[in-house]
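A.B. asks: Given chain R's structure and the hints, the job is docking chains V and C onto it.
So the sequence lines, in the order shown, correspond to chains R, V and C. Residue numbers 1 to 205, in my numbering, belong to the letters of the first sequence in order. Residue numbers 206 to 449, in my numbering, belong to the letters of the second sequence in order. Residue numbers 450 to 692, in my numbering, belong to the letters of the third sequence in order.
Hints may contain errors.
A short, non-exhaustive set of chain V residues, derived as facing chain C with CB atoms under 7 Å [said to hold, decoys possible]:
1. Leu234
2. Leu235
3. Val236
4. His252
5. Glu370
6. Phe371
7. Ser374
8. Glu423
These are computed hints drawn from the structure, not numbers from a lab. The model shown is predicted, which means the values in this text are computed figures rather than measured ones. Positions of the beta carbon are idealized from the N, C-alpha and C atoms, including for glycine.
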Amino acid sequence: MVLRAEGVEKSFGGLWKRRVEVLKGASIRVDEGEFVALVGENGAGKSVFMKVIVGLMKRDAGEIEVDGTGGYCPQELELYSRLTCDEHFELFGRAYDMEREDILRRSDELYEDLRFAKYSDFLVKNLSEGTKQKLNLSIALMHEPDLLLLDEPYQGFDYDTYMAFWDMANDITAAGNSVLIISHMVGEEGRLDRIYQLREGKCFE
Amino acid sequence: MSESDRGRVALASLMDAREYFRNPVNVALLVTIPYLFVYFYGAIVEHVVQNLPEEYAEFISVPEAYAMGAFFGAAVLTGLVGFYMVTGARAADRRLVVAGYRPLQVVAGRILTILVVALALNGITMLILSFFEQPRFPLAVLAATLVGSTIYGFIGVVVGSFMEEFEGSITLFWIITLDVGISFQLGETGSAAGNLFPGYHPNQVMVKGVTEGTFAAESFLLSLVYALCALAVAVAVFHREAST
Amino acid sequence: MRYGTALRYSLRSYYRSPFLLALLLFLPIAFVALSFAVTPSGLMTLDIGETVVTADVKDIDGLLVAPFTATFLAGVIGLFLMLASVEADRRLVLSGFRPGEVVLARLSTLAIASAYVSLVSTGAVLLHYPVGQPLLYGVSLLLRAYMFGCIGMLIGTYFGKTGGTYLVFLAITIDITALDPRITLGEVPDWATYLPGYHPNQVLLDAALTGLPDTLTHLVLSLDYAAIVTLGVMLVFRRRILP
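One chain only, chain R, in its complex shape (with noise of 0.2 Å):
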């Protein structure tokens, strides 16, 4: 096991504002080398449980174990404006407290397998929305976590990217990493080994 969330309870609101419960008791499990998916419909609550599962949100009850690191890529694009790819590669790559000498083997590939190596010296406000993309997903990727979580990690990606970014998930899981995914994947069933549905605050396999 990698992940175990057991009935996690999420609300938001309160005195001011209406209270809305988004998540009733969801319960999600994922093993090792396990490629799983979550899905569900706008609003449903992906992207909350997601968060409160990194540890950005806090649950209401529940609880949560996770064994081993962990890469998350959030479904906004959490960068630095005015610093460059190759500068962002460093900025975390220290974050995760990896070697330079990784760091640089890591960026390399994450360049070739994704391609916007040519990107590498440009800065984040001057790229196009599918290189940012690249960028925010290699950034959760670079140190081979254990679990990687993705929140829709491949919006604004060309055909070829998106189904090389499927080719490297399966990779991942097949090197004994698992992956989390949350996805509103056409014909890319196949290669799942689980999806999830998330329907009223609650998961359903």
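C.D. replies: Coordinates of chains V and C only, in the frame set by chain R:
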């Protein structure tokens, strides 16, 4: 302009204004900024004048100082409205154009919003000014601050389209502060450089309205010409932003 | 050290923009020069603390424009430090940086930027007016600029760009004008003594005009105030970036 065109412009403008006025901070500042500017400018000069030789008192009178505060407050706010309108709505404007609006319709909507905010703001500012110091010819002062702050709304648009938010906001404040400083001080001494600043002619209208109770028609006309030039540049800039 | 990496990149975002650097250099010089050039001359008697001095209004204006400019620039820098990078900073913390490292890097950036604008502003004043104690004058500018940089960061936590920029400008205008010796005439109202700029302003007046014996007290109190706003930023910023 056809009826459908007018409807689109009015709708675009209404939505822009809604976006602005729905933010409670914007509404609160619409009142507090003019109040504080009027109060502080007036208060400084009032104190200074009391403690200085007479020739200084002749240089800038207390009523003028209050009016100057009103102008500064209105210019800063309208300038920022224009500035953030461009930086904040660039993508959405382009989308409106893709969706079927003509760029000029979107631009007209935006310009109209600047005028609406300027009008509301100047109304409030005049009201606040009257608590402190009743100008001898209030309408002249209103005309001066309205046209002056509208010019700054347009300048805000131009700055916003060429600069990023950080550098742009600093630049905008810099232009306004410089203008108020120069127009109200160098202008008095008749420097040619002062005449070129956006606030110079509106200031002339205001000073006459405050101190002599007359309407400086020539200066007002020159202010309008300045405003029209600024409008032309703002429209060109907006148009470029909305259509590329 | 990871703090060093965070600081290096935090600063790089600034010095990478030559236009911004030029703006931060040009603005104080232009403002101060203009103030000295356009303000009409006229002697005024000022009661500053226990000392009565006679000074030219033009000089007082120039001496006060410098802190206004430095403070405004630092305030906007603080505001955008918070607005532009807090989301990515949170991700950095999630990836392994300690929150303290990131907060410290951001505060150090603010301190360096404040020092830069204060140095330029002090230099600009010295070109026009022989400040008695330039070092002390510069320090007072730095403390005031840094404090308002912190206040800019705090404003950036709760307000967006438009409201934030208004508020920074408003806060600084109140601070500078309410403490203007031409208004207070030696009698600073009680409420104004709680303003962040009060003690640095006393230091500034002492350094530029008089040389009062209680400068040290005001300097220490300025440092205390700076420490309090720093603590405020640390708490708020830390909360914002903590997962």
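A.B. asks: Is the shortest C-beta separation between glutamate 423/V and chain C less than 7 Å?
C.D. replies: It is violated, given that the least Cβ distance between glutamate 423/V and chain C is near 24 Å, above 7 Å.
A.B. asks: Is the shortest C-beta separation between leucine 235/V and chain C less than 7 Å?
C.D. replies: Violated - the Cβ of leucine 235/V stays beyond 7 Å from chain C, reaching only about 10 Å at its closest.
A.B. asks: At a threshold of 7 Å, is the proposed contact between glutamate 370/V and chain C supported by beta-carbon distances?
C.D. replies: holds, 6 Å
A.B. asks: Against chain C, run the beta carbon of histidine 252/V and see if the smallest gap drops under 7 Å.
C.D. replies: Hint holds; histidine 252/V Cβ to chain C Cβ min 5 Å, cut 7 Å.
A.B. asks: Should the hint that serine 374/V touches chain C count as held when the rule is a Cβ pair under 7 Å?
C.D. replies: holds, 5 Å
A.B. asks: Does leucine 234/V meet its interface restraint, that is, does its C-beta lie within less than 7 Å of any C-beta in chain C?
C.D. replies: Because about 5 Å separates leucine 234/V from the closest Cβ in chain C, which is inside the 7 Å limit, the hint holds.
A.B. asks: For the restraint on valine 236/V, tell me whether the closest CB of chain C is nearer than 7 Å.
C.D. replies: violated, 12 Å
A.B. asks: For the restraint on phenylalanine 371/V, tell me whether the closest CB of chain C is nearer than 7 Å.
C.D. replies: Phenylalanine 371/V check passes; min Cβ-Cβ to chain C is 5 Å, inside 7 Å.
Taken one by one, the earlier hints fail for this structure at numbers 2, 3, 8, listed in ascending order.
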